Amino acid sequence: GAVVSQHPSWVICKSGTSVKIECRSLDFQATTMFWYRQFPKQSLMLMATSNEGSKATYEQGVEKDKFLINHASLTLSTLTVTSAHPEDSSFYICSAKDRETEAFFGQGTRLTVV
Amino acid sequence: KNQVEQSPQSLIILEGKNCTLQCNYTVSPFSNLRWYKQDTGRGPVSLTIMTFSENTKSNGRYTATLDADTKQSSLHITASQLSDSASYICVVRVYGNNRLAFGKGNQVVVIP
Numbered sequence: 004g005a006v007v008s009q010h011p012s013w014v015i016c017k018s019g020t021s022v023k024i025e026c027r028s029l030d031f032q033a034t035t036m037f038w039y040r041q042f043p044k045q046s047l048m049l050m051a052t053s054n055e056g057s058k059a060t061y062e063q064g065v066e067k068d069k070f071l072i073n074h075a076s077l078t079l080s081t082l083t084v085t086s087a088h089p090e091d092s093s094f095y096i097c098s099a100k101d102r103e104t105e106a107f108f109g110q111g112t113r114l115t116v117v
Numbered sequence: 002k003n004q005v006e007q008s009p010q011s012l013i014i015l016e017g018k019n020c021t022l023q024c025n026y027t028v029s030p031f032s033n034l035r036w037y038k039q040d041t042g043r044g045p046v047s048l049t050i051m052t053f054s055e056n057t058k059s060n061g062r063y064t065a066t067l068d069a070d071t072k073q074s075s076l077h078i079t080a081s082q083l084s085d086s087a088s089y090i091c092v093v094r095v096y097g098n099n100r101l102a103f104g105k106g107n108q109v110v111v112i113p
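Chains A and B, in that order, give the protein sequences. Position 34, counted from 1, in the first sequence is what our numbering calls 37; the numbers after and before it change by one each time, with no gaps. Position 89, counted from 1, in the second sequence is what our numbering calls 90; the numbers after and before it change by one each time, with no gaps.
With the rest of the complex left out, here is chain A (with noise of 0.2 Å):
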C-alpha cells in the first residue's frame, strides 16, 4: 500500500516555541493531505484539511494563526506549531491521498510540551 511518513515520532519542546512536523507521501502524489489531532482514548478529531498549492481549511475551532499548516509541494505537508502550550501535547497524525485513492495516514508523532 501507498506510504506515509511522519518526521518526527516525538518532540519534546519548552512552552513558547516551536515545532514543526513533516508529511510526506513516499510513493504517490498527495493532493490533499488531513492533519489530525488525537488525545489518549478519543477518537482523530481533524484539524485542517490541505490541498497542493492553496491554504488549508482549517476545522472549526482550530486556530490557523497558531497551527500553520503548508503543502508546497505534492509529496510534502507541514505542521507548524506555534508558540506551543502543554495543552497543546498531544498525537498528531496526517493523512495523504491523491485523486483515485483513499487516504493514508501517518505513524503520527506525539507532541510533548513542557
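Read the hints as simulated data drawn from the structure, not as lab findings. Quick caveat: nothing in here was measured; it's all calculated off a predicted structure. We put the beta carbon where it would ideally sit given N, CA and C, even for glycine. Just to be clear, a hint being listed does not mean it is correct.
Okay, the calculated beta carbon distance ranges per label pair [what the hints assert, rightly or not]:
(1) V46(B) / E62(A): 17 to 25 Å
(2) K67(A) / K18(B): 41 to 49 Å
(3) V110(B) / T104(A): 27 to 35 Å
Take the given structure of chain A and dock chain B to it, following the hints.
The following block gives chain B in isolation, referenced to the frame of chain A:
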C-alpha cells in the same frame, strides 16, 4: 450530525479466543466504511474497506461485516494473538466529499 459509535469501549480476551467489535453509524450519505487497527503511539493502519453493496470482507484473521440497511458493521477477530492488542477504529466516509467520521475505537487487550 454524522456519528460513529463503537462498542464495547474496551475488552480483554484470552489469547486464542475470538471476539467481535461493533460499529453503528448515522453517516449519510454513505460512501464506504473502513476498519483500522491503531497500535499505541502509532498511526491507524487499514484492515478492511467495504462499500454499500458489500456484506463481508476478510483480511487474514479479521472479518468485517456491513449491514447498510441497519447501518451496522462488525469486526470479528479469530484466534486472537498478543499482537492484536490495539485500538480498532471504525471510519465511515461521507459520500461526495473527503470527510471522514471516526469512531472512538474499541480498545482490545489480548492476554496470554
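Hints versus structure:
1. V46(B) / E62(A): 17 to 25 Å: Holds, at about 24 Å.
2. K67(A) / K18(B): 41 to 49 Å: holds, 48 Å
3. V110(B) / T104(A): 27 to 35 Å: holds, 32 Å
Hint compliance for this structure: no hint is broken.
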